[in-house]
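Colleague: Protein chains in written order, with numbering that gives the first Met the number 0: chain A, 0 to 752; chain B, 0 to 752.
If you're looking for bench data, these hints aren't it; they were derived computationally from the structure.
You can trust all of the hints, since none of them are fake.
The list makes no distinction among identical chains, and a pair is therefore deemed to hold if it is satisfied within one copy or across any two copies.
Heads up, simulated DSS-like pairs for lysine-lysine below, C-alpha to C-alpha not over 27 Å straight-line:
(1) Lys-70 with Lys-1
(2) Lys-70 with Lys-347
(3) Lys-303 with Lys-741
(4) Lys-605 with Lys-700
(5) Lys-153 with Lys-18
(6) Lys-1 with Lys-700
(7) Lys-63 with Lys-202
Listed below are the residues making up each chain.
There are 2 protein chains.
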Amino acid sequence: MKRLFEVDPWLVATHHLDKADRRLQESITAVGNGYMGLRGNFEEGYSGDSLQGTYLGGVWFPDKTRVGWWKIGYPEYFGKVINAPSFLGIGITVNGEQVDLATSRYRDFYLALDLHQGLLTRRFVYLGDGVEVRFEFARFLSQTIKEAAFVSVKATVLRGHAAVTFDASLDGQVTNEDSNYDERFWVPLHEDAAAKSIQLQTKPNPYGVPQFTVLLKQQLRVNDQPVNGQVATTSGQLHEQVTVQLAEGQSYQLEKDAIVVTSRDVAPAAQATTAAQLMKRVTAQSFAAHLAAHTDRWEQRWAKSDVVIEGDPAAQQGIRFNIAQLFMTYYGEDKRLNIGPKGFTGEKYGGATYWDTEAFIVPMYLAVTPPEVTRALLQYRHDQLPGAFHNARQQGLAGALYPMVTFNGIECHNEWEITFEEIHRNAAIAFAIYQYTAYTGDESYVKHDGLEVLVGTARFWADRVHFSQRTQQYMIHGVTGPNEYENNVNNNWYTNTMAVWELQYTLERLAKGDADVVTALAVTDQEKQHWQAIIDHMYYPTDDQLGIFVQQDNFLDKDLRPASTIPVDQRPINQHWSWDRILRSPFIKQADVLQGLYFLNDRFTKAEKERNFDFYEPLTVHESSLSPSIHAVLAAELGKIDKATELYARTARLDLDDYNHDTQDGLHITSMSGSWLAIVQGFAGMRYDHDQLRFHPQLPKNWRRYQFKLNYRGRLLAVDVGQTVTVSLLAGPALDMAIDGKPVHLEVEDGHA
Amino acid sequence: MKRLFEVDPWLVATHHLDKADRRLQESITAVGNGYMGLRGNFEEGYSGDSLQGTYLGGVWFPDKTRVGWWKIGYPEYFGKVINAPSFLGIGITVNGEQVDLATSRYRDFYLALDLHQGLLTRRFVYLGDGVEVRFEFARFLSQTIKEAAFVSVKATVLRGHAAVTFDASLDGQVTNEDSNYDERFWVPLHEDAAAKSIQLQTKPNPYGVPQFTVLLKQQLRVNDQPVNGQVATTSGQLHEQVTVQLAEGQSYQLEKDAIVVTSRDVAPAAQATTAAQLMKRVTAQSFAAHLAAHTDRWEQRWAKSDVVIEGDPAAQQGIRFNIAQLFMTYYGEDKRLNIGPKGFTGEKYGGATYWDTEAFIVPMYLAVTPPEVTRALLQYRHDQLPGAFHNARQQGLAGALYPMVTFNGIECHNEWEITFEEIHRNAAIAFAIYQYTAYTGDESYVKHDGLEVLVGTARFWADRVHFSQRTQQYMIHGVTGPNEYENNVNNNWYTNTMAVWELQYTLERLAKGDADVVTALAVTDQEKQHWQAIIDHMYYPTDDQLGIFVQQDNFLDKDLRPASTIPVDQRPINQHWSWDRILRSPFIKQADVLQGLYFLNDRFTKAEKERNFDFYEPLTVHESSLSPSIHAVLAAELGKIDKATELYARTARLDLDDYNHDTQDGLHITSMSGSWLAIVQGFAGMRYDHDQLRFHPQLPKNWRRYQFKLNYRGRLLAVDVGQTVTVSLLAGPALDMAIDGKPVHLEVEDGHA
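Construct the entire structure; sequences and hints are all you get.
Modeller: Structural data, given as structure tokens:
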């Protein structure tokens, strides 16, 4: 655990520049607007250890898969998140000396991310030779003009005289740090000194993946009026310098506006014109006016999603940080995008889309964003159905297999034990359709596009199972479950269970589907009978003596002992143990059987949940950031409120406290919903199956109160759990719901329960 | 199946240049002398499709392992067989036209490998503009001066006048074809035009693996007298040109002698001097004299190892080709070398040493070469014990884990499912010690160096097993058995069986070990008790109903159906099916349970062998070249003589008939012993356990007779199986042995049984 920032309800701020942990600081102070984002790199540059990172949604590179021995079915390429050309730079010299916090003397450092609207500010006093200059920075990526980035820097001379030169740059000479091959992914096309723009293209690839072209354009302003510096260009770079002479007491504030357009939206030939038009919109209003409009959008979001925690300031900060970072990553504006595990905060993990979205993000987004945001996430998968069919074909299988990792629907992961075997992802994508439908009551997706997804993935399952003559049951061999600390296991209970769930749900929805889709899908009676046979005769590993569902066929033969027996200096085991030792160990990375009990929560008795939780949780090392939240929800349901609270802490401040020692690489964006799930589904016991919203609220011991908002079927609700529980209907038609099993009727006028 | 060469008892010859299958021709006409070897590339060059390959024993490069996600325990590098600088080239022009069989007109092509002594000859008539020239080539790599290669070319003008220029070259500008990265592994150091030599070094590596320096030197001779051509050098290359004017009817024979020394034997600074001394020895005698001395060595080998088959010329050619190629690869001269899967015939497969040596080569070499040859193979493993300890430490395990693939003892394979899991290799290395001891009666190795190997590997097993509380038995999870078409299985019967066998054998031999070694090994009573507990309480998957040993815990749950159900156009499955489909299928790549029945042949009843053979063989696709021979031996033992004959055919002519469609990459050197095993252990039923040599001979239906020689404990025996069976003692003291279970006393004077 490492806490670099001060605890505050709405700020993530520090008065210390942590040079040894600069990368961690950069991750935590990343900002984004769903279209693009960047790490908390310094405008003026920084020669110390740092990870430079600017990322554009949906802009990537397909890199050759490298394996020891190629085998049929391996993906040809993996999708690489590439560091994009940077618009951030404003180099600074004072009386000819470079300002560089790695080497310069300074005092009064302060860095703050305002969670209200993703505004990053910074200030420090530079101590030069006979001169002291205060610098104040601010940056945000606009929510109203997605292509626009606003950066401002103000210099105030506190002592002496300062000749200050600002060097505002656009920089396409960027590389990926994680690339094995020291490759450059960007080829400079054009620099335009007059238009102050650079244009670059991703290098060619042999896989038929389109190359991306981007254009970056900048404009400097002082007092809201454009100023023009000295422009110089080199290949892939543009520099614009402004020098001012400032006497003691004088200030100078420079604003840098940047526009970034990509060939995802604008053809390369039109990019210069489009960027100029956008820049015109930018310069038509002041920095302050743009910030106000941007903040207004954020206020609308917070009004529907804020969570208040009283009595635990660290928990309060954690949940708001997570919500803010999630919304900076994705708010559904672009249906071609999804939520990558590091969002716009790092380059680690090839590919942008994991099953994390469906399993962990959807249940939160359903409640805190308008339904169309979640629907966009569902639509994304429908739009990638051709890729899913391709992936199944690669394995010689029927139907659709969604990828473990992708940008475009084609599988991009390059380990067979994941690509071929971690197929449970297919069911999670179907389950998100169920969740969306159950929460919103909106059947339009599941009747049409969603049905295509269901049938495609169901057909995959029907081909992927096999019939074991000996046991006269269907089985699923050779899978990797959610617990990636086992590979290539047989009859993973979770996978078998979810596969059957999906076949059942698909049969059920097929009967109610839109006629045109049902006709086009042409599911034969024979197919339906086969699906039903699988449903009726699936094998599930269980142990009657222990009364548990067994993670996979041979799990109970392992050397079973609790994770508490692992010496502390060997944790996390994935940084200390060989892969062989991990695979053979009984230790579980993240919820596996318990993930099934979480998803299909209404199908199991409390006693079943309790026996399985008590068996598996002690074996679980929670080394996936996705693990603690699911356990917290179940622990709360089982009345293990202390355990739930402990697990909540790990998910709420995973990045702020760097629990897994890896936040320096980027934030764990997709697990950020976990803290919300732990509060709302865990402590508040929210459930919404069977067309009824229900709560079973509990209060963690050290909390005085917590409050959250939900949208539910056209309503806005506020839930307040303190010594008493209050659910209020803030907007929308009357609602019948339940608290602690008792029916409650809510109306707006007097909606208190 | 593709048969390019004519059937002949001692020749592998063809009258056709197969341009479409030139690589296959090159593989089959490779020659070597245990120190170096080269594919059947043409001296004059060839611009058509071809795989240029010259290889030096023990000269390799450690290349960076590339994987999708690095995990603890992965090998840092893999060992690459590198194409070595070539000494072969003699470019030819006739009246200024390049002779190149890919483009030139020619007639009367003939290419022949003489199996008596590995002599490759070739001739053709070049058809130029108004000129016809016959060229005759010969080459061999000396068995008496291992660093020496002899190449000769004779030009005879049949029509017209020919100005013939010979360009004899040394070429260090070579690359590997299988390298993903277009890297050059050789850095030129020096070219010496006066000494006619070039010197090169392998490029640096970051793994502490020594770089190799080689020096190549050439000398031209005509009528056994040195001649000096025009020498020119470029970086890493040397060319020496001789031009002769030949009238119709005139001949000119040019001999090129080459010396290759490497830093494995001679320090770089001394290489020029050493090469000069060696060249002096070469030029002191004629080509014919060197060839005679070389052939004499080969005659001595054949006298102890020839196999005669009457009635099946193709089978006859197959077994002699295999023996010759094996002896060209390894005859025990250099204890630092081993037998790589492609020998000196191709660059495929990283690394030079697999468990193939112990499992498949040792049982043959024991009988056909002097005992010290096999002992050298054993010694190799002892000398690499430090690497084996390293490999176990990498996994966090005690003891010694021999590598799956290596040059130096360090694991070089880069797939976790092989590196970490195919650990049965450890037992094969111990089993070779047992075989050597049982066959030769020589206990000196097992009492001393061999005991260190046994205890090191036994300690690995003792740490690698785990105790399953539920079943109160020891288990081995997470392994890959010999059947590599399954990965990461639990309780592979073969692995569990061989691990226990090894622990038993180690305890037994430890009690009889040399005192100094036993003391140094310091095996505690507690350790011995632990080993005994594992022996007593190991779990073995079995099926009482089927009466078989079960390949691994979940094997019988598979969709079991015979390999005959696979459509012919989907064979081999590894070229048609996804890896996922193969892994989940019931199809077996090579003997797995049956490998155990083969090794521990005396421990199982005939009924047990029969039930297991009848269950597993139909599931086996024999897609490893190591598979058919083991099945042939068992089939013969079980009286399934037709099945044995069918399987023999696949192993005897695997390369000559290109059964697996991959001989173009190089010969399957380590599986070449399979044909010998099928004859001697299969048809002749040779066994040697319990200190008694025994035969149970059978005659395949289409054979009239077969004969083979054996050395056994200081004796030379001849076995003749026709309508009657005769075993003769050709040399050595009297021997009591058994034929068909009946005791036979053999003496040299009248040794007929």
